[in-house]
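Asker: Spelled out from the first residue to the last, the chains are:
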Amino acid sequence: MLIRKAPQIKSSEITSEADYLDRRSFLAKAGLAAAGLAGASPVIAAVASDPGASGRVLENVSESPLSLDEAPNSWRDVTTYNNFYEFGTGKEDPSRYAGSLVTRPWQVKVSGECDQPGDYNLEDILSPHALEERVYRLRCVEAWSMVIPWVGFPLADLLKRFQPNSDARFVRFRTLYDPGQMPGQRRRILDWPYVEGLTIEEAMNPLAFMAVGVYGRELPNQNGAPMRLVVPWKYGFKSIKTINAIHFTRTRPRTSWEASAPREYGFYANVNPNVDHPRWSQASERIIGSGLFAPRRKTEMFNGYAEQVAHLYQGLDLRRNF
Amino acid sequence: MATRSRSLTCTRAWICAETFSMPAFGSKGFTRLIKTLLWPLCLAPLLWLGLGAFELLGFNLGANPVEKLLHELGKWGLKFLLLTLAITPLRYWTGWHWLVTFRRLLGLFAFFYLFLHFLVYIVLDRYLDFSGLLEDIVERPYITLGMTGLLLLLPLALTSTRGWMRRLGRRWKKLHRLVYASAILGVWHFYWQVKLDTLEATVYALILAALLLARIVHSRRKAARIQVRSETLLPEDSGGAPLRR
Chain A
1 MLIRKAPQIK
11 SSEITSEADY
21 LDRRSFLAKA
31 GLAAAGLAGA
41 SPVIAAVASD
51 PGASGRVLEN
61 VSESPLSLDE
71 APNSWRDVTT
81 YNNFYEFGTG
91 KEDPSRYAGS
101 LVTRPWQVKV
111 SGECDQPGDY
121 NLEDILSPHA
131 LEERVYRLRC
141 VEAWSMVIPW
151 VGFPLADLLK
161 RFQPNSDARF
171 VRFRTLYDPG
181 QMPGQRRRIL
191 DWPYVEGLTI
201 EEAMNPLAFM
211 AVGVYGRELP
221 NQNGAPMRLV
231 VPWKYGFKSI
241 KTINAIHFTR
251 TRPRTSWEAS
261 APREYGFYAN
271 VNPNVDHPRW
281 SQASERIIGS
291 GLFAPRRKTE
301 MFNGYAEQVA
311 HLYQGLDLRR
321 NF
Chain B
323 MATRSRSLTC
333 TRAWICAETF
343 SMPAFGSKGF
353 TRLIKTLLWP
363 LCLAPLLWLG
373 LGAFELLGFN
383 LGANPVEKLL
393 HELGKWGLKF
403 LLLTLAITPL
413 RYWTGWHWLV
423 TFRRLLGLFA
433 FFYLFLHFLV
443 YIVLDRYLDF
453 SGLLEDIVER
463 PYITLGMTGL
473 LLLLPLALTS
483 TRGWMRRLGR
493 RWKKLHRLVY
503 ASAILGVWHF
513 YWQVKLDTLE
523 ATVYALILAA
533 LLLARIVHSR
543 RKAARIQVRS
553 ETLLPEDSGG
563 APLRR
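Chains A and B, in that order, give the protein sequences.
First residue of the first sequence: 1, per our numbering; consecutive thereafter.
First residue of the second sequence: 323, per our numbering; consecutive thereafter.
These are computed hints drawn from the structure, not numbers from a lab.
Quick reminder that beta carbons are idealized off the backbone N, C-alpha and C, glycines included.
With a straight-line cut-off of 20 Å between C-alpha atoms, the simulated SDA-like cross-links for lysine to any residue are: (1) B:K517 to A:P193; (2) B:K401 to B:T520; (3) B:K397 to A:L292; (4) A:K91 to B:N382; (5) B:K517 to A:A143; (6) B:K397 to B:T470; (7) B:K496 to B:L472; (8) B:K401 to B:Y513; (9) B:K517 to A:D191; (10) B:K397 to B:L441; (11) B:K401 to B:L360; (12) B:K390 to A:V141; (13) A:K160 to A:L131; (14) B:K401 to B:L430; (15) B:K517 to A:F267; (16) B:K544 to B:T410; (17) B:K517 to A:L190; (18) B:K517 to A:D276; (19) B:K390 to A:N83; (20) A:K91 to B:Y513; (21) B:K390 to A:W280; (22) A:K109 to A:Q163.
Coverage of chain B stretches by chain A, computed from C-beta distances (three or more under 8 Å per stretch; other residues unrestricted): (23) 387-394; (24) 451-460; (25) 509-517.
Using the sequences and the hints, build the whole thing.
Answerer: Here it is as structure tokens:
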């Protein structure tokens with residue numbers, strides 16, 4: 001277990017809630033001021049911060065118009081309530097045991113139907129991309145949700161660099177398999193390594209995001225360091241963590257949860273309040289961090305992103321293709 | 323004044339001597355002492371969850387307190403139910419028949435925790451949305467199981483008093499066999515709602531299976547013993563029906 005001393009932060013350094021909630025207008029003003037003073041220098045955005053946050057601060061993070069205008073969950077909620085079965089099936093297991101994961105050096109194997117396959121170093125994967133913050137709601141298939149300020153870059157920008165060819169109809173992602181570093185993999189509760197996939201159209205949608213950080217800092221291991229997918233209109237399990245392989249393929253990949261319980265988890269796994277999980281309702285969700293006495297929230301179609309993604313599923317029976 | 327204070331210390335010494343002399347193993351005083359100790363032990367999980375719910379003394383229930391409360395109350399209820407069911411087999415094996423004096427206490431605590439589990443579900447989780455609740459009970463088999471299991475415990479809790487025992491006579495024992503069905507439904511409910519990792523629920527199921535099996539083995543043996551006794555008691559030339567107890 002990692003025991004770290006909580007960072008000492010003067011109360012004067014903490015952004016007040018009012019300023020925090022008003023950060024976008026602050027940013028706009030700051031941007032105007034910066035533009036006026038320094039010409040075309042890049043705008044340093046007021047990304048979300050939390051007094052409890054730790055880890056290396058990511059520089060030059062800009063804000064995104066695709067972000068939700070909602071206050072995110074606390075750093076503590078985001079980093080201690082995780083489903084990452086590679087480190088145990090309890091919600092707090094990942095935060096306890098993910099310290100054993102070594103994310104440097106890191107390589108990502110790119111293969112399949114593309115013109116630039118190969119083994120890429122993490123630095124080479126990340127270096128061309130400008131970082132941006134995306135505040136998204138994460139809706140878990142277990143009927144809870146959180147608002148998380150991710151930092152990363154559009155998935156499409158990354159995939160295009162590998163030049164997928166016309167046979168690349170799907171993208172398959174894989175998590176590291178190493179039971180030495182990931183103690184949860186010693187039990188075969190899932191068919192390790194964890195595999196997820198998207199259609200190429202889904203992967204190229206501007207909302208699909210590759211995250212390398214959260215709360216303006218590098219991703220903690222329990223959140224999927226060094227890089228993870230974030231697909232906000234799908235249930236959380238589609239947003240695969242700790243990726244070390246990307247494969248372009250002609251055929252639909254067999255994803256881990258689908259393989260484990262095909263009646264309960266499908267390939268698409270779009271957030272849909274009208275199609276229940278066979279054992280529980282998906283009509284509403286518990287908001288993490290809202291305390292003991294808060295009501296549930298009504299779940300939105302495609303987790304509130306219907307406008308951006310509904311066209312991807314035209315003509316598809318979402319009841320059968322859940 | 324002097325005599326008065328002396329008499330006080332004497333009384334105190336007498337009280338202390340009376341209270342702290344260890345009663346004989348299995349005696350009435352002994353079971354009373356254990357019962358006194360059992361109460362705070364049985365309430366400890368509630369205290370822990372209560373402190374966590376209101377974030378007192380550094381306790382907390384994590385990022386999803388409703389879920390934590392719901393799951394912990396349910397699991398404590400099942401633990402008490404299994405403990406209640408363990409009393410009878412333990413009596414057979416150890417010969418400590420005084421154990422039976424704790425059975426009602428443990429059984430009522432099982433009901434208490436499971437009822438709180440139910441309350442947290444309808445009030446904090448479902449927010450008293452009764453239409454959603456009805457849908458849950460009808461359409462979610464694991465909730466149907468859990469509800470039925472709790473409902474079966476209700477008459478047992480109500481008739482757990484001495485008065486009802488007397489009033490129901492032989493039927494009391496028959497009625498209280500419902501506890502087996504309730505325990506099976508409860509553990510099944512636990513097993514069915516697990517997303518993937520069924521290890522913990524399997525442990526509960528195995529303990530329940532062992533406890534039920536112990537009863538079957540015991541009653542078989544008892545039946546065989548009665549059979550043997552009745553055969554030896556049977557007069558050689560009776561030719562009639564064997565004696566039954």
